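Trainee: Please construct the entire structure, taking both the sequences and the accompanying hints into account.
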Amino acid sequence: MLEKYLEQYFGYPEFRPGQKEIISNVLDNKDVLGVLPTGSGKSICYQLPAKLLDGTVVVVSPLIALMVDQVKQLVATGFKEVVAINSFLDFEGRSDVLSNLSSYKLIYISPEMLQNKNVFQHLLRISVSLFVIDEAHCISQWGHEFRPDYLKLHEVIPLLGNPTVLALSATATPDVQKDIIHQLQVPKMKKLIFSMDRDNIAFKVEHCDDVTEKLTYLVDIIGKFPVPTLIYFTSRNWTEKVANILSEKVPEVSSAFYHGGMDQSERLLIQQQFMNGQLDVICCTSAFGMGINKNDVRLIIHFHLPTQIESFIQEVGRAGRDGQSSVSLVLTAPNDNMLPKNLIDAEFPTIGQIEMVCTYLSENDGVIISNDMLLERYQLSESQWRFLYYQLEKSGVIKDNRIVSNNIDLNKIAKQIQSFVNQRKIHKLNKFNDLEKWVHHKEQCRRDGLFSSFQAEVRKAKFMCCDKCDFTFEHWEPRYKSKQVKQGSWQDVLDELFFKGAYE
Amino acid sequence: MFTLIILDCINKLSLDRSISGIYHMLTGKKSVQSIQDAHIFQLTAYFGIYKRLDFAEFERIITVLEREQFIAVSDNYSAVLTDKGKQYVTDKQEILNQVGLKGLKYHRMSEQFLLRLQLFCQTATNLFAGNNSFLAITDNREVQLWVKHFYHETKPDLRKCLDEMYKELKIFLSQIDQRSAELFVDRLTGFKRIALSKEQLSKKYKKSIHEIEVQLTDIVHRLIAFILNNKQVTPFLVSFVDDLKSQMFLTDSASHTYRLYQKGLSIAEIASTRGLKQNTIQDHIIEISYIFPELILPSFLNKEAIETIKSAMNQTNSKRLKDIKALVGDNYSYFDIRLVVAVNQMDK
Numbered sequence: 001m002l003e004k005y006l007e008q009y010f011g012y013p014e015f016r017p018g019q020k021e022i023i024s025n026v027l028d029n030k031d032v033l034g035v036l037p038t039g040s041g042k043s044i045c046y047q048l049p050a051k052l053l054d055g056t057v058v059v060v061s062p063l064i065a066l067m068v069d070q071v072k073q074l075v076a077t078g079f080k081e082v083v084a085i086n087s088f089l090d091f092e093g094r095s096d097v098l099s100n101l102s103s104y105k106l107i108y109i110s111p112e113m114l115q116n117k118n119v120f121q122h123l124l125r126i127s128v129s130l131f132v133i134d135e136a137h138c139i140s141q142w143g144h145e146f147r148p149d150y151l152k153l154h155e156v157i158p159l160l161g162n163p164t165v166l167a168l169s170a171t172a173t174p175d176v177q178k179d180i181i182h183q184l185q186v187p188k189m190k191k192l193i194f195s196m197d198r199d200n201i202a203f204k205v206e207h208c209d210d211v212t213e214k215l216t217y218l219v220d221i222i223g224k225f226p227v228p229t230l231i232y233f234t235s236r237n238w239t240e241k242v243a244n245i246l247s248e249k250v251p252e253v254s255s256a257f258y259h260g261g262m263d264q265s266e267r268l269l270i271q272q273q274f275m276n277g278q279l280d281v282i283c284c285t286s287a288f289g290m291g292i293n294k295n296d297v298r299l300i301i302h303f304h305l306p307t308q309i310e311s312f313i314q315e316v317g318r319a320g321r322d323g324q325s326s327v328s329l330v331l332t333a334p335n336d337n338m339l340p341k342n343l344i345d346a347e348f349p350t351i352g353q354i355e356m357v358c359t360y361l362s363e364n365d366g367v368i369i370s371n372d373m374l375l376e377r378y379q380l381s382e383s384q385w386r387f388l389y390y391q392l393e394k395s396g397v398i399k400d401n402r403i404v405s406n407n408i409d410l411n412k413i414a415k416q417i418q419s420f421v422n423q424r425k426i427h428k429l430n431k432f433n434d435l436e437k438w439v440h441h442k443e444q445c446r447r448d449g450l451f452s453s454f455q456a457e458v459r460k461a462k463f464m465c466c467d468k469c470d471f472t473f474e475h476w477e478p479r480y481k482s483k484q485v486k487q488g489s490w491q492d493v494l495d496e497l498f499f500k501g502a503y504e
Numbered sequence: 001m002f003t004l005i006i007l008d009c010i011n012k013l014s015l016d017r018s019i020s021g022i023y024h025m026l027t028g029k030k031s032v033q034s035i036q037d038a039h040i041f042q043l044t045a046y047f048g049i050y051k052r053l054d055f056a057e058f059e060r061i062i063t064v065l066e067r068e069q070f071i072a073v074s075d076n077y078s079a080v081l082t083d084k085g086k087q088y089v090t091d092k093q094e095i096l097n098q099v100g101l102k103g104l105k106y107h108r109m110s111e112q113f114l115l116r117l118q119l120f121c122q123t124a125t126n127l128f129a130g131n132n133s134f135l136a137i138t139d140n141r142e143v144q145l146w147v148k149h150f151y152h153e154t155k156p157d158l159r160k161c162l163d164e165m166y167k168e169l170k171i172f173l174s175q176i177d178q179r180s181a182e183l184f185v186d187r188l189t190g191f192k193r194i195a196l197s198k199e200q201l202s203k204k205y206k207k208s209i210h211e212i213e214v215q216l217t218d219i220v221h222r223l224i225a226f227i228l229n230n231k232q233v234t235p236f237l238v239s240f241v242d243d244l245k246s247q248m249f250l251t252d253s254a255s256h257t258y259r260l261y262q263k264g265l266s267i268a269e270i271a272s273t274r275g276l277k278q279n280t281i282q283d284h285i286i287e288i289s290y291i292f293p294e295l296i297l298p299s300f301l302n303k304e305a306i307e308t309i310k311s312a313m314n315q316t317n318s319k320r321l322k323d324i325k326a327l328v329g330d331n332y333s334y335f336d337i338r339l340v341v342a343v344n345q346m347d348k
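Going line by line, the protein sequences match chains U and H.
Numbering-wise, the UniProt record's numbering puts 354 at position 354 of the first sequence, and it's gapless, one number per residue.
Numbering-wise, the UniProt record's numbering puts 300 at position 300 of the second sequence, and it's gapless, one number per residue.
What the hints contain is simulated information worked out from the structure, not anything from laboratory work.
In this text, all values refer to a predicted model and were calculated from it rather than measured experimentally.
Among the hints, erroneous ones may be present.
[As the list claims (entries may be wrong)] Pair by pair, the computed Cβ-Cβ distance ranges are:
#1 Arg159/H with Gln487/U: 25 to 31 Å
#2 Gln115/U with Ser74/H: 50 to 56 Å
#3 Lys241/U with Asn76/H: 34 to 40 Å
#4 Arg60/H with His475/U: 46 to 52 Å
#5 Asp220/U with Asn132/H: 38 to 44 Å
#6 His475/U with Leu158/H: 48 to 54 Å
[As the list claims (entries may be wrong)] Once the Cα atoms are required to be at most 16 Å apart in a straight line, the calculated EDC-like pairs of lysine to aspartate or glutamate come out as:
#7 Lys241/U with Asp252/H
#8 Lys500/U with Asp252/H
#9 Lys412/U with Asp495/U
#10 Lys203/H with Glu266/U
#11 Lys51/H with Glu248/U
#12 Lys203/H with Glu240/U
#13 Lys29/H with Asp252/H
#14 Lys192/H with Asp495/U
#15 Lys188/U with Asp28/U
#16 Lys500/U with Glu164/H
#17 Lys105/H with Asp242/H
#18 Lys206/H with Glu248/U
A virtual CB, placed ideally from N, CA and C, is assigned to each residue, including glycine.
Mentor: Encoded structure:
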């Protein structure tokens, strides 16, 4: 029965593991915590109910780019009653959307916008049948991407009339799962946990002496395996640099780069070329991949490591969604760990910034907070400020976006925040060290090492397992079809575009 | 072509204007001053042809030109061509003559026109091939709505429309150079064929990204001109431009002022009605006077005044308002002078 709707609305003939169970529970009004591996189609778990339920499905998601992508894709497939409410929406667009809120079946919203009083007033007026928390691990301080504003979600649920709650995550360890249920204050939540391990992906780590050796190895592998490939870097510069090197050294393979600094419409072209098979290799930052529906990515290469195992698993999970043999390759070199450590440092405000902001607060009792001004004046990044804001709110110095600093010892508060920053940094460094340990482990099977903290039993590999067990590139025979787009004269291209001549 | 255009600008402006003025003109910013400069220095072709140009990047290009000794930059950030620069411009005069840019005329419509064309091409070819699931190449809502509407009109006979579009594009592309034609089709997205990004074009043709930007604009301006001049040859493509023509000349704000002016309101009255400064309204009047010179001038200045300012202009032989003002004295305001300068340019 559900399959019929899945086919009718989304064109998929059958469910992936986990989807059906989650959906039928949700349709049965049961609160669910669903943990599904990346690439298993988490979003279908609320998109299909949105089509079937009376009332509206509200999805809280912290990833604005992903939100926008999903809305675009849904609209492209003919699901039009969908909208994303986030800071990208200008004032006019927003008031348009808000005044027609009840006409949407599916509303994506960022946690910030959910805190916006005007927006929330409008939400109260519609009937919400399902409340979805996407990336639910963000609610836990022990998850890999803590979002303070997620901690307020439990207040929202009763106000919306206690709709069915669905919390979704691809990367929640048992501790984080417990924390999610605790923080959301939905005790009867049913846990539906599906295995994280992907049995069709083999793992290999290659230790190089330096960057030059990494590049040589990379060029060699890309030359031998011209398969759909993603290469992850931690900096934009590197994506451009390596894409250029590859175009020069392996010209028969078409490569491009992709990062958040590019023009939106140009980025979209690269993404679509990759999906269309016009491009084989994309050198990218973590900005690429979210919301990409490409089944035949065969190779994921980490030229740089991310800062934790969860992100690594998520990025690797973009390979082989069609179940065919695929490979994850990590390239390391001595001193590689500097970059992630710097990234972790940059996530939090410095001592100086904390002290300066506290001084400002002590001198401006009663003033309304201006985010832009503070970001500019103290050179804070959005994530640094989000962190600081939450801490200040928690200690009562900010109330309803207004400074309340009379008779408050801000020196003490600054010190408290500082020590909390240190705690968080240590936690994050530990998480990074876990990944490093995995990379440098002498004998442990890579699949066991990667997945055993997420699930009791790790499945046997469908093809080869890992470099500790049986994997070598010599024995890898990936299945792929390259469909290079013909580059002819402009007449040929025009003929092809408009179905003329030989193309008719 | 892009470097050449910058050199051409410097050549024509020489020390009369700062280099930043060139930037404002290319990006179409600071409207009125730039529009006026474009007229005075005969650079209307380049107005607003590269709206995305970043100032830091522009400065970098200037620095390179200076280092390569094509130009000499003076302390007040104006520049002249060196002998090497002059020689270069002379040698490449052929290319400049072939430039089809009509910035002042088309800059307000060219982007929208191109997006319409590209999105319609993507939509019609995909739907014709039976694929109704594709991501639109642009998020521009106005363009999306237009294409949606236009598609519904063409839907009953999609094949014929595609044939028409193909035929008309082919006629146009056949009469421009091969390279430009190739560039143009590389930017079209269709069924199972995604356009190349500018970055990729830059690699493919071994040209800077700026060069690609300006060349693409050049082709689009040619195409618009071709369509408007050959409506009987391009009956299909005309629909993509027709309603944009009204946007060709005036900024929205200036046309609002123009409507009030036609109702007989004075500058002061228009300013207070619109809640704007008188200076702003004066800027609008100047902008309008470029388009309708015979209409505006007589209502602000009498014959004698016009003659006085004109002869001062000829006497100084300078394009600086300050020099003209020094000659005519306090009897006439800068606004008066700008008006006469504007109209006088149109006479040429």
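Trainee: Now tell me, hint by hint, if it's right for this structure.
Mentor: Here is what the structure says about each hint:
| no. | hint | verdict |
| --- | --- | --- |
| 1 | Arg159/H with Gln487/U: 25 to 31 Å | holds, 26 Å |
| 2 | Gln115/U with Ser74/H: 50 to 56 Å | holds, 54 Å |
| 3 | Lys241/U with Asn76/H: 34 to 40 Å | holds, 39 Å |
| 4 | Arg60/H with His475/U: 46 to 52 Å | holds, 50 Å |
| 5 | Asp220/U with Asn132/H: 38 to 44 Å | holds, 42 Å |
| 6 | His475/U with Leu158/H: 48 to 54 Å | holds, 50 Å |
| 7 | Lys241/U with Asp252/H | violated, 44 Å |
| 8 | Lys500/U with Asp252/H | violated, 42 Å |
| 9 | Lys412/U with Asp495/U | violated, 73 Å |
| 10 | Lys203/H with Glu266/U | holds, 15 Å |
| 11 | Lys51/H with Glu248/U | violated, 32 Å |
| 12 | Lys203/H with Glu240/U | holds, 12 Å |
| 13 | Lys29/H with Asp252/H | holds, 14 Å |
| 14 | Lys192/H with Asp495/U | holds, 14 Å |
| 15 | Lys188/U with Asp28/U | holds, 14 Å |
| 16 | Lys500/U with Glu164/H | holds, 12 Å |
| 17 | Lys105/H with Asp242/H | holds, 14 Å |
| 18 | Lys206/H with Glu248/U | holds, 13 Å |
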